[in-house]
Amino acid sequence: MALKLHGSAMSTSTSLVIICLHEKEVDFELVPVDLFAGEQKQPHFLAKNPFGQVPVLEDGDLTLFESRAISAYIAEKFKETGYDLLRHQNLQEAALVKVWMEVESQQFHPAIAPIVYQFYVVPLKGVSPDQAIIDDNLEKLGKVLDIYEARLSSTKYLAGDFYSLADLHHLPYTCYLMKTTAASVINERPHVKAWWEDISCRPVSKKAAEGMTFGEKCTLKIKALLL
Amino acid sequence: MMATIKVHGSPFSTATQRVLVSLYEKELEFEFVNVNMGAGEHKKEPFISLNPFGQVPALEDGDLKLFESRAITQYITHENPDKGTQLLCTGKQMAIVSVWMEVEAQKFEPAASKLNWEVFYKPFFGLTTDPAAVEENEAKLANVLDVYESRLAQSKYLAGDSFTLADLHHLPNLHLLLVTQSKKLIDSRPHVSAWAADITARPAWAKVLAMQKS
Numbered sequence: 020m021a022l023k024l025h026g027s028a029m030s031t032s033t034s035l036v037i038i039c040l041h042e043k044e045v046d047f048e049l050v051p052v053d054l055f056a057g058e059q060k061q062p063h064f065l066a067k068n069p070f071g072q073v074p075v076l077e078d079g080d081l082t083l084f085e086s087r088a089i090s091a092y093i094a095e096k097f098k099e100t101g102y103d104l105l106r107h108q109n110l111q112e113a114a115l116v117k118v119w120m121e122v123e124s125q126q127f128h129p130a131i132a133p134i135v136y137q138f139y140v141v142p143l144k145g146v147s148p149d150q151a152i153i154d155d156n157l158e159k160l161g162k163v164l165d166i167y168e169a170r171l172s173s174t175k176y177l178a179g180d181f182y183s184l185a186d187l188h189h190l191p192y193t194c195y196l197m198k199t200t201a202a203s204v205i206n207e208r209p210h211v212k213a214w215w216e217d218i219s220c221r222p223v224s225k226k227a228a229e230g231m232t233f234g235e236k237c238t239l240k241i242k243a244l245l246l
Numbered sequence: 756m757m758a759t760i761k762v763h764g765s766p767f768s769t770a771t772q773r774v775l776v777s778l779y780e781k782e783l784e785f786e787f788v789n790v791n792m793g794a795g796e797h798k799k800e801p802f803i804s805l806n807p808f809g810q811v812p813a814l815e816d817g818d819l820k821l822f823e824s825r826a827i828t829q830y831i832t833h834e835n836p837d838k839g840t841q842l843l844c845t846g847k848q849m850a851i852v853s854v855w856m857e858v859e860a861q862k863f864e865p866a867a868s869k870l871n872w873e874v875f876y877k878p879f880f881g882l883t884t885d886p887a888a889v890e891e892n893e894a895k896l897a898n899v900l901d902v903y904e905s906r907l908a909q910s911k912y913l914a915g916d917s918f919t920l921a922d923l924h925h926l927p928n929l930h931l932l933l934v935t936q937s938k939k940l941i942d943s944r945p946h947v948s949a950w951a952a953d954i955t956a957r958p959a960w961a962k963v964l965a966m967q968k969s
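Going line by line, the protein sequences match chains A and B.
Numbers in our numbering are just positions in the first sequence, counted from 1, shifted up by 19.
Numbers in our numbering are just positions in the second sequence, counted from 1, shifted up by 755.
Simulated from the structure, these hints should not be mistaken for lab results.
Relax, there's no trap hidden among the hints.
Derived PhoX-like pairs: lysine-lysine, alpha-carbon spacing no greater than 25 Å straight-line:
1. B:LYS847 to A:LYS98
2. B:LYS799 to A:LYS159
3. B:LYS938 to B:LYS895
4. B:LYS962 to B:LYS838
5. B:LYS877 to A:LYS159
6. A:LYS225 to A:LYS175
7. B:LYS820 to A:LYS162
8. B:LYS895 to A:LYS60
Label pairs and their computed distance ranges (CB to CB):
9. B:ASP916 to A:ASP165: 43 to 49 Å
10. A:ALA56 to B:ASP942: 34 to 40 Å
11. A:LYS225 to B:GLN967: 49 to 55 Å
12. A:PRO222 to B:GLY817: 36 to 42 Å
By construction, the Cβ of each residue, glycine as well, lies at the ideal position given by its N, Cα and C atoms.
Make the full structure from the sequences, and use the hints.
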């Protein structure tokens, strides 16, 4: 039975799982969830994820939520097929993949998420982005990326000289960030920029980016706030 | 051949405590290297070579240098499946453990740590608590704990009927919530309250707290 992924291709967390599934060459069915209609807060969806968020993965009788738990599950279950995202055959490499997955989760994500939220989601409520929140989080993100810059001067990717799940987890939010004026935080750091160009140009990454159309759904007024 | 595990950190840091409690649960020998955070040791060499983010803890196991407490706990437990408490599962059940580890990291931690900063650390450092931040984070944490209340009505622990890393990761922030005014958020939810009392009573956690006295 094929995996069922409930979510939306334009959602960062759904996109993360889609990218992982494609890298592992795993078949799945995308069951659309209408985020603009609030479908994820309806009882039938809350029964799958009590936190009312996409995505949800169904694999037979197993129902999973939290995109990073889903991607880890897929990468582990299908470790013998597709691209080697976890480096499971090398103890040291596998441990470093986990370290940099946690860095994305605990250092990168908390700084980038509010910025993307201000540019893309806030305007939908008819409010202008809060520049103070953007500036404050860009400063935090800049400090995190300074450490990435140093790291990526000695290794090609975050966990080592190999692309891994740790790099992949950065794709969706950064994809949206790069369409805004905040892209400079990436472009100003040469090793980070080169890393971004590499990971975003992977065929699977490019294909997923085509579905990340949140910005295009906004009005012209909002488009003026982006590049 | 057994490599010596070294933990660099502070017994007062929640992230360090997360690693320490996992080592005690797994009954692993380790050397503890105190990092004097008051003197800013975590922001300088030699610590910064262990963690470029300048945060405790860091772990050395032979040549391997790791940071981020939740990466360290997972490494320790994966590498020692036959020792001490069984903190992980196999097969599909492991996926459920992963889900609730992510819930702790993405939902519980941000609200609980901000709340603890306001109502525990700020008074301790002689700083002024921000009532708006307390209200905002209590509301966020309350929403998360409502989901926990429903979950823990179905199973004794978050991932099922056994204590796992998913529960363990909560201990440091949960402990602080229980010794401040935020305790009311736990006490008002019977299943959460019973779970919190159960996991904070584990001997491994008592050993971590004992380290604060030495």
